[in-house]
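With the sequences and hints as input, model every part of the structure.
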Amino acid sequence: MNSKQAYKIIDEGWVKKRTGYRVRFQRKVDGEMVTDYFPDMDEGPWLSEVAIWRMAWRLAESRQSEPPDINAGDLINVTVIDQEGNPVKYYATNQLEVFNQVSL
Amino acid sequence: MEGLAASIEQMENTMTTYGREIVIAFAVIVIGLILIKWTNQGLKKAFSKLPISPARGATVRNVLCVLMLAVVITFAAIELGIAAAPVMRFLSILTLAAIGMIVVFRPLIPTLPFKVGTTIMAGDLLGKVEATTLLNTRLRTFDGRTVFIPNRIILNDVIINYHFTPTRKFELKINILYDQDLMKAKQILETIMVEDPRVHPTPRPVVYLMSLNKGYVELSGRGWADNVKRFVVTRELLEKTKLRFDQEGITMALPQMQVHYTGKTMPQSHTEE
Chain A
1 MNSKQAYKII
11 DEGWVKKRTG
21 YRVRFQRKVD
31 GEMVTDYFPD
41 MDEGPWLSEV
51 AIWRMAWRLA
61 ESRQSEPPDI
71 NAGDLINVTV
81 IDQEGNPVKY
91 YATNQLEVFN
101 QVSL
Chain B
1 MEGLAASIEQ
11 MENTMTTYGR
21 EIVIAFAVIV
31 IGLILIKWTN
41 QGLKKAFSKL
51 PISPARGATV
61 RNVLCVLMLA
71 VVITFAAIEL
81 GIAAAPVMRF
91 LSILTLAAIG
101 MIVVFRPLIP
111 TLPFKVGTTI
121 MAGDLLGKVE
131 ATTLLNTRLR
141 TFDGRTVFIP
151 NRIILNDVII
161 NYHFTPTRKF
171 ELKINILYDQ
181 DLMKAKQILE
191 TIMVEDPRVH
201 PTPRPVVYLM
211 SLNKGYVELS
221 GRGWADNVKR
231 FVVTRELLEK
241 TKLRFDQEGI
251 TMALPQMQVH
261 YTGKTMPQSH
271 TEE
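Chains as they are written, first to last, in my numbering: chain A, 1 to 104; chain B, 1 to 273.
Just so you know, not all the hints are guaranteed correct.
Derived lysine-lysine pairs resembling DSSO-like cross-links, with alpha carbons at most 30 Å apart [what the hints assert, rightly or not]: (1) 264/B to 8/A; (2) 16/A to 229/B; (3) 242/B to 17/A; (4) 89/A to 115/B; (5) 4/A to 128/B; (6) 17/A to 44/B.
Rough simulated footprint, nothing fancy, chain B against chain A, three-plus residues with beta-carbon under 8 Å [stated by the list, open to error]: (7) 14-26; (8) 41-49; (9) 52-64.
Calculated directly from the structure, the hints in this document are not laboratory data.
Here a beta-carbon is modelled for each residue, glycine too, at the ideal position from N, C-alpha and C.
Set out below in structure tokens:
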């Protein structure tokens with residue numbers, strides 16, 4: 001095995017390099033819960049994990065709901081996902097984190 | 001007095017004979033210059049909305065203005081009664097001579113080591129170049145100041161151009177205590193660098209043990225990032241490292257000194273009276 005093959009194995013099997021992040025959240029539109037993203041899916045993702053989590057927190061703080069009532073405009077189940085749509089662990093706690101978590 | 005009277009008479013004769021042509025030629029030049037100025041301003045506005053660099057836009061505008069000026073001069077010359085062909089020939093020779101001079105002497109002309117829009121460090125000033133003129137360079141520092149630096153100072157000083165190379169190495173200096181898990185700390189630091197999308201995969205990020213100092217072990221994580229993103233990337237990686245170390249129970253070192261008390265009393269000669 002040469003170094004190129006060795007590094008290929010490492011890249012595929014070890015720590016994955018992320019390609020970008022988005023905030024995923026839910027909100028009520030016309031009485032129905034819809035899932036939305038920031039930035040929009042037709043825009044490029046953010047590359048900063050720190051900045052996207054800060055954005056998620058700000059969004060959640062700005063539109064808090066008071067369960068079980070979810071009003072129009074409330075942003076619930078706010079979390080960060082990667083480009084593949086998988087939830088990303090919050091770097092501050094190394095745990096999956098959901099702001100304004102509401103069970104639907 | 002006679003000489004002056006003769007000159008006035010000669011001028012009167014000239015104006016009588018060619019006055020109309022001179023006035024029209026003068027009007028052509030004035031109107032032409034106004035049109036060139038309007039065109040230049042219009043193009044500047046239009047280019048600001050297009051995705052082209054300010055420097056390239058300025059070059060295109062300058063070339064168009066010079067061509068328009070040549071046309072205006074030709075028209076004025078024709079109005080004066082001069083045949084168009086010699087004027088065109090003269091302008092062509094002038095243009096070719098100018099191009100030749102530029103080609104020959106350009107390597108000898110001192111040029112500024114940056115373009116408009118680049119981020120530079122000149123002396124202790126860090127900022128973005130907003131404009132350059134023949135005499136000075138206008139720099140917008142990141143704290144919002146506008147600084148005019150004479151070009152002679154720039155040409156004599158060390159300038160760091162942060163756009164000249166697209167990537168740059170960054171370094172994360174982390175100090176941990178001697179009793180901490182060194183391998184775990186190295187692993188965490190490397191993982192944080194590898195997973196960040198802004199850290200380039202090649203050259204690969206590496207972690208070195210830099211030195212064994214008084215009271216702490218010095219680690220250095222090194223990787224490469226885009227030059228313009230390097231500042232933010234480094235700060236965010238430091239933040240993530242601090243938090244991940246906290247989660248993993250690795251204690252970072254603070255400036256400290258360990259004093260070991262052996263219980264022995266000091267010799268009499270060293271004690272205070």
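(message) For a C-alpha distance cap of 30 Å, please report whether residue 17/A and residue 44/B respect it.
(response) violated, 42 Å
(request) Given the hint that residue 4/A pairs with residue 128/B, test it: the Cα-Cα distance must not exceed 30 Å. (result) It is violated: about 40 Å lies between the C-alpha atoms, which goes past 30 Å.
(request) Take the C-alpha atoms of residue 89/A and residue 115/B, compute the straight-line distance between them, and say whether it is at most 30 Å. (result) violated, 42 Å
(message) residue 242/B and residue 17/A were given as a pair; does the straight-line alpha-carbon distance stay at or below 30 Å?
(response) holds, 20 Å
(request) Three residues minimum, CB to CB under 8 Å: does the stretch 52-64 of chain A make the cut for coverage by chain B? Let me know. (result) Since 0 is below three, the answer is violated.
(request) Report holds or violated for chain B covering the stretch 41-49 of chain A, Cβ cut-off 8 Å, minimum 3 residues. (result) holds (count 3)
(request) State whether the coverage of the stretch 14-26 of chain A by chain B holds or is violated, taking the criterion as 3 or more residues with Cβ-Cβ distances under 8 Å. (result) With 7 residues in contact (Cβ-Cβ under 8 Å with chain B), the coverage given for the stretch 14-26 of chain A holds.
(message) For a C-alpha distance cap of 30 Å, please report whether residue 16/A and residue 229/B respect it.
(response) Within the cut-off at roughly 21 Å; holds.
(request) For the pair we were handed, residue 264/B and residue 8/A, check the Cα-Cα distance against 30 Å. (result) Violated, at roughly 60 Å.
In the structure shown, a violation is registered for the earlier hints numbered 1, 4, 5, 6, 9, in ascending order.
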